[in-house]
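These protein sequence lines are chains A and B, in that order. The first sequence begins at 23 in my numbering and counts up by one. The second sequence begins at 23 in my numbering and counts up by one.
To be clear, the hints were calculated from the coordinates, so they are not data collected in a lab. Predicted model only: the values in this text are computed from it and were never measured. Hints may contain errors.
Identical chains share a label here; the pair holds if one copy fits it or two copies do between them.
[Claimed, not checked] DMTMM-like mimics (lysine to aspartate or glutamate), calculated; alpha carbons at most 25 Å apart, straight line:
| hint | residue 1 | residue 2 |
| --- | --- | --- |
| 1 | LYS257 | GLU56 |
| 2 | LYS257 | GLU304 |
| 3 | LYS232 | ASP118 |
| 4 | LYS257 | GLU292 |
| 5 | LYS338 | GLU261 |
| 6 | LYS232 | GLU119 |
| 7 | LYS190 | GLU281 |
| 8 | LYS344 | GLU119 |
| 9 | LYS413 | GLU292 |
| 10 | LYS195 | ASP272 |
| 11 | LYS73 | GLU41 |
| 12 | LYS413 | ASP447 |
| 13 | LYS344 | GLU299 |
| 14 | LYS367 | GLU261 |
| 15 | LYS344 | GLU227 |
| 16 | LYS338 | GLU120 |
| 17 | LYS232 | GLU177 |
| 18 | LYS372 | GLU261 |
| 19 | LYS413 | GLU84 |
| 20 | LYS338 | ASP260 |
| 21 | LYS43 | ASP447 |
| 22 | LYS257 | GLU227 |
| 23 | LYS43 | GLU293 |
| 24 | LYS195 | GLU381 |
Number of protein chains: 2
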Amino acid sequence: MSSPAVAYARKNHPRFLSELKELLRVQSISTLPEHKADCRRAAEMLAAELKRIGMENVRLIETEGNPLVYADWLHTAGKPTVLCYGHYDVQPTDPDEEWLTPPFEPTERDGNLYARGSADDKGQVWAHVKALESLLAAGGALPLNVRVLLEGDEEVGGEGIARFVASKPAELKSDFALVSDTELFAPGLPTLCVGLRGMIYTELEVRGAKTDLHSGMYGGAAPNPFFALVEILAKLKDENGHILIPGFYDGIIPPSPEELAAWKSLPFDEEHYRITEVGSRELVGEAGYSVLERTWARPTLEVHGMPGGFTGAGAKTVIPAKALAKVSMRLVPGMTTAKAFALYKGYVEKIVPAGVEVEARLIHSGEPCLIPVNNPYIQAATRALREVWGKETVFIRSGGSIPIVGDFDRHLGVPSVMMGFGLPDDNIHAPNEKFHLKNFELGIESLIRFLEEAGR
Amino acid sequence: MSSPAVAYARKNHPRFLSELKELLRVQSISTLPEHKADCRRAAEMLAAELKRIGMENVRLIETEGNPLVYADWLHTAGKPTVLCYGHYDVQPTDPDEEWLTPPFEPTERDGNLYARGSADDKGQVWAHVKALESLLAAGGALPLNVRVLLEGDEEVGGEGIARFVASKPAELKSDFALVSDTELFAPGLPTLCVGLRGMIYTELEVRGAKTDLHSGMYGGAAPNPFFALVEILAKLKDENGHILIPGFYDGIIPPSPEELAAWKSLPFDEEHYRITEVGSRELVGEAGYSVLERTWARPTLEVHGMPGGFTGAGAKTVIPAKALAKVSMRLVPGMTTAKAFALYKGYVEKIVPAGVEVEARLIHSGEPCLIPVNNPYIQAATRALREVWGKETVFIRSGGSIPIVGDFDRHLGVPSVMMGFGLPDDNIHAPNEKFHLKNFELGIESLIRFLEEAGR
Numbered sequence: 023m024s025s026p027a028v029a030y031a032r033k034n035h036p037r038f039l040s041e042l043k044e045l046l047r048v049q050s051i052s053t054l055p056e057h058k059a060d061c062r063r064a065a066e067m068l069a070a071e072l073k074r075i076g077m078e079n080v081r082l083i084e085t086e087g088n089p090l091v092y093a094d095w096l097h098t099a100g101k102p103t104v105l106c107y108g109h110y111d112v113q114p115t116d117p118d119e120e121w122l123t124p125p126f127e128p129t130e131r132d133g134n135l136y137a138r139g140s141a142d143d144k145g146q147v148w149a150h151v152k153a154l155e156s157l158l159a160a161g162g163a164l165p166l167n168v169r170v171l172l173e174g175d176e177e178v179g180g181e182g183i184a185r186f187v188a189s190k191p192a193e194l195k196s197d198f199a200l201v202s203d204t205e206l207f208a209p210g211l212p213t214l215c216v217g218l219r220g221m222i223y224t225e226l227e228v229r230g231a232k233t234d235l236h237s238g239m240y241g242g243a244a245p246n247p248f249f250a251l252v253e254i255l256a257k258l259k260d261e262n263g264h265i266l267i268p269g270f271y272d273g274i275i276p277p278s279p280e281e282l283a284a285w286k287s288l289p290f291d292e293e294h295y296r297i298t299e300v301g302s303r304e305l306v307g308e309a310g311y312s313v314l315e316r317t318w319a320r321p322t323l324e325v326h327g328m329p330g331g332f333t334g335a336g337a338k339t340v341i342p343a344k345a346l347a348k349v350s351m352r353l354v355p356g357m358t359t360a361k362a363f364a365l366y367k368g369y370v371e372k373i374v375p376a377g378v379e380v381e382a383r384l385i386h387s388g389e390p391c392l393i394p395v396n397n398p399y400i401q402a403a404t405r406a407l408r409e410v411w412g413k414e415t416v417f418i419r420s421g422g423s424i425p426i427v428g429d430f431d432r433h434l435g436v437p438s439v440m441m442g443f444g445l446p447d448d449n450i451h452a453p454n455e456k457f458h459l460k461n462f463e464l465g466i467e468s469l470i471r472f473l474e475e476a477g478r
Numbered sequence: 023m024s025s026p027a028v029a030y031a032r033k034n035h036p037r038f039l040s041e042l043k044e045l046l047r048v049q050s051i052s053t054l055p056e057h058k059a060d061c062r063r064a065a066e067m068l069a070a071e072l073k074r075i076g077m078e079n080v081r082l083i084e085t086e087g088n089p090l091v092y093a094d095w096l097h098t099a100g101k102p103t104v105l106c107y108g109h110y111d112v113q114p115t116d117p118d119e120e121w122l123t124p125p126f127e128p129t130e131r132d133g134n135l136y137a138r139g140s141a142d143d144k145g146q147v148w149a150h151v152k153a154l155e156s157l158l159a160a161g162g163a164l165p166l167n168v169r170v171l172l173e174g175d176e177e178v179g180g181e182g183i184a185r186f187v188a189s190k191p192a193e194l195k196s197d198f199a200l201v202s203d204t205e206l207f208a209p210g211l212p213t214l215c216v217g218l219r220g221m222i223y224t225e226l227e228v229r230g231a232k233t234d235l236h237s238g239m240y241g242g243a244a245p246n247p248f249f250a251l252v253e254i255l256a257k258l259k260d261e262n263g264h265i266l267i268p269g270f271y272d273g274i275i276p277p278s279p280e281e282l283a284a285w286k287s288l289p290f291d292e293e294h295y296r297i298t299e300v301g302s303r304e305l306v307g308e309a310g311y312s313v314l315e316r317t318w319a320r321p322t323l324e325v326h327g328m329p330g331g332f333t334g335a336g337a338k339t340v341i342p343a344k345a346l347a348k349v350s351m352r353l354v355p356g357m358t359t360a361k362a363f364a365l366y367k368g369y370v371e372k373i374v375p376a377g378v379e380v381e382a383r384l385i386h387s388g389e390p391c392l393i394p395v396n397n398p399y400i401q402a403a404t405r406a407l408r409e410v411w412g413k414e415t416v417f418i419r420s421g422g423s424i425p426i427v428g429d430f431d432r433h434l435g436v437p438s439v440m441m442g443f444g445l446p447d448d449n450i451h452a453p454n455e456k457f458h459l460k461n462f463e464l465g466i467e468s469l470i471r472f473l474e475e476a477g478r
C-alpha cells in the first residue's frame, strides 16, 4: 500500500530532523528549578508547532508544575478518538564530564542523534507531531479524531497531569491512548509494550532512644534503629529474592503459557545483559524464573537508601535516635497498591524489633496494568508495524511503571497502545543519551500508518 | 586540711568559668575539614594560657591532623611526674535543630553550662589548666612534676597523638597519666574509671552493578547493595545482641566476682536509666547480663550509618551501584583489635551475598584496658576525692574507648588515673551537651587535691 502521508514524511525528513534538534537544544530539565523557564519554552515551541500544522484548540494548561500542552482535531465523526501522550521534560545531565558531546548540542554520530531527551522523550513526541503534520499536509485531514496531551513533569512524578486526568475533563474523552515513551526490544524489531508493573514507594522510620547516644556508653543496652531496620528488612525478603510478607503473592495473575513462550523466543542473551547492562558479578532474583519473568511479571522489593545516623567520612560512634529506609515494591497484574501496602504495613507492625517504634509510610504508588493484545487498536498497531518494519510485532512488558497509563485506564477508561521507538542502549537517564536516526524516521512512518489503520 | 590552691580556685571561679566559655565558642569540630582553622585556634588559646599561668616549654607539636599542645613544669626532683591529657576538639553538632540554645554560644541554665564540648572535653581540659594555675599561683610551685599533652583529633581517632606516643619521645617520660574524659557514676558520687572497652571502627563497602540502575527495569535481576548489607549485618549479630562472628568471644577475661559484686551495689536503677538516659520502649542486649555488664564488660557491634543511594525527600527508584555501612565493635579485656578485625573481615568475606563485592576497611581502633586499683596513684586519687566530695570513691568501667589510655600503657608503661567529672546525662556526642557547673568547680578542687596527694 502507498500512503501519501508517508511519502510526505520521507520527503521532509531532513527538515523534521533539524526541527527536532531545535527542540533538543532547550534545557527543559524538570528536576532543576533554574530550568523552569526552559520547560515553558519547550511547551511553547510544541504548542506553536501543533498550531502551525493545523491542530486546533491549542493551548497550555497550567499546573502546579510545568504546563501541559493540549491540542485536538475532531472532524471525523464516527471514527475513534486517539489521545496522544508524551513529555517534553528531560532528566538532569550529570555527570556532565561523561558526555562525549554536550547534552544540549544535538550531534549526529554513527547513525544516532546524541542529546539529552533525544529518546526520552522529545524525539518520540516530535515523531507524533510530524506524523500528524504529514497526515494533515498530505490529505488535508486526519484519519481519525486526535487529541494531544503533553506534560513537562514526567521526570518528577507527573502530579500535574495525574490531577488533570483524575478530574476527567471533557477534552480528554477518547477511545484509546497512544503512548510513545518505551523502546523496541531489539534494533529493528517492532515492539508493543502491553504490561507495566505497578509500585508502592514507602518509607520505614524506626525510632529507638530519645536522642542520639554514644555507642561506647550505650552499646549493649540502647536499641539501634539501623539494626532494627536490618532485622525488619531481612524478614521482608530472603536471600533468594522471595518476598516474605504473608499473602503478598496471593492473586497474582501469571503470564499465560503463550506469553511465556513468546518471551522465550525473544532475542535475549542473559550473559550479554549481565555484562553490558547490569555489569555485576552475577544476576540475582527468584530461582525458577527467567530474567524477563523476574523483571516483568514478578513483584520485587528494593531498598533505595537508608538515611540517618552518621554518613560523613571517618568515624562517629553514634547510636542514632532514628533511621529510615526507603523501600519500594513493584507489583504485577492481580495485585493492587492498596492491598500490597496494607499487607506490608501489617506485617512490619508484627515484626517490630525489641525497643523501637516503627512507622511505615506510603510515599506514592501506581497500579500495575496489562493491555489485552486482542483489542482492535493493538491489532491496528501490529498491522502498521509489520508493514513499516517488515517483521511481526513482539509483545513485551516493562518492569517499570508509567503511571499515566494506569491513570488513563482508571479515570478515563481508555486503554493505551505503548508504541515506542527507543532502544535498550539509548542511555536514557544517563550520559550520552541517543535516539537512533532510523528509528526516528521509521517511528514517524509507523505512527502515520497506525493512525491510518486505527481510523479505517 | 586547707589548701591555698583550693582557696585560690574558689576565689577565681567566676573568671575560670568565663574563660571556659571563650574556649567553648571556638568551633573546633575535628570531623569537619572546614573547621581546621578553628581547631588550631583552640590549640593556640590553650598554649597561650598554659604559658600565662607559668608552664614551661609550651609549644604546638604538628601532626598530620590538628596540632598537639605540649607544656611542662619539672622542678620537683624526686617527686613523680604526671602526664595530664585531654582533647580540645569536639563532635559535630547535627542535628542542629534539636539544640535548645546554639551549640557554640555557651549558656547557663538550671545549674548547667550548655555547649558542644562543655563536658567532652573542653570543660575538663580547662579544669586541668585551672588546677595548675591555682597551684602555681597559690604556692609558686607545683607539688610534683607535670607534663601536659592535649590533642585535637580525639573525635576522629587520634592518629596524630597515637603516632607521637608510639615514638616514645623523651618529653613524655612520666610515672602516671591523668585523664579527665570520663564521668561520675551518679551526681555527687566520686568515681574513678578503671576499665575501658576497646574498639574497631570499620566501613563495609558493597558494590553491585557498574552504575546506578532503575529499580523498575532491573529490580529482580540486579543485585542491590543495601540488601546485601542487610544480609551481611543480619549475620553479624542476632536479635538477642549476640555477635555471630566465629571465635569473636574467645579469650575474653570476665570481671572478677568482687568487681561484679561492687557493680551490683552501685546506685543504678535500670528502669530509671531506660527512661531518663536512653528513652526507648525497652533496653536491648544479651540475655543473662546486667546493663552494666553489657555496656562495660561485653563486646558489642553497632551500625552508625549507611551512606549511599537516595536519601532525599520523596521517591527516587534507584538501585545504587554501591552502598556503605559504618560498623563498629567494642572490645573488652582479653580481646585485641588486630584479632577482632581479622575475624570480622574473614567472616564477612565468607558470607558475601550473591552478585556483589564487599570490602571491609578498618577506619580506626583502640585496645581495651583495665587498671589495677591497688596502684599508689589510684590510692592518692581516692583520698583527694573523699575529701572534696565527702564520699568513698566507686570504681567503674566505661563502655567507651579512650585509645590514648591504651597507648600510654603500651608505649610509655604509664598507668592512667581516669578521673572525670561529666555526668551520665551530659548528652556528649548529642544535641544539648552540657557540663554541670558544680562539677566544673569541684572538679578543679579534686584535681588540685589529687596532684597535692600524688606529690606528697
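**Item:** Enumerated hints in conflict with the structure, sorted upward
**Value:** 1, 4, 7, 10, 19, 23 and 24
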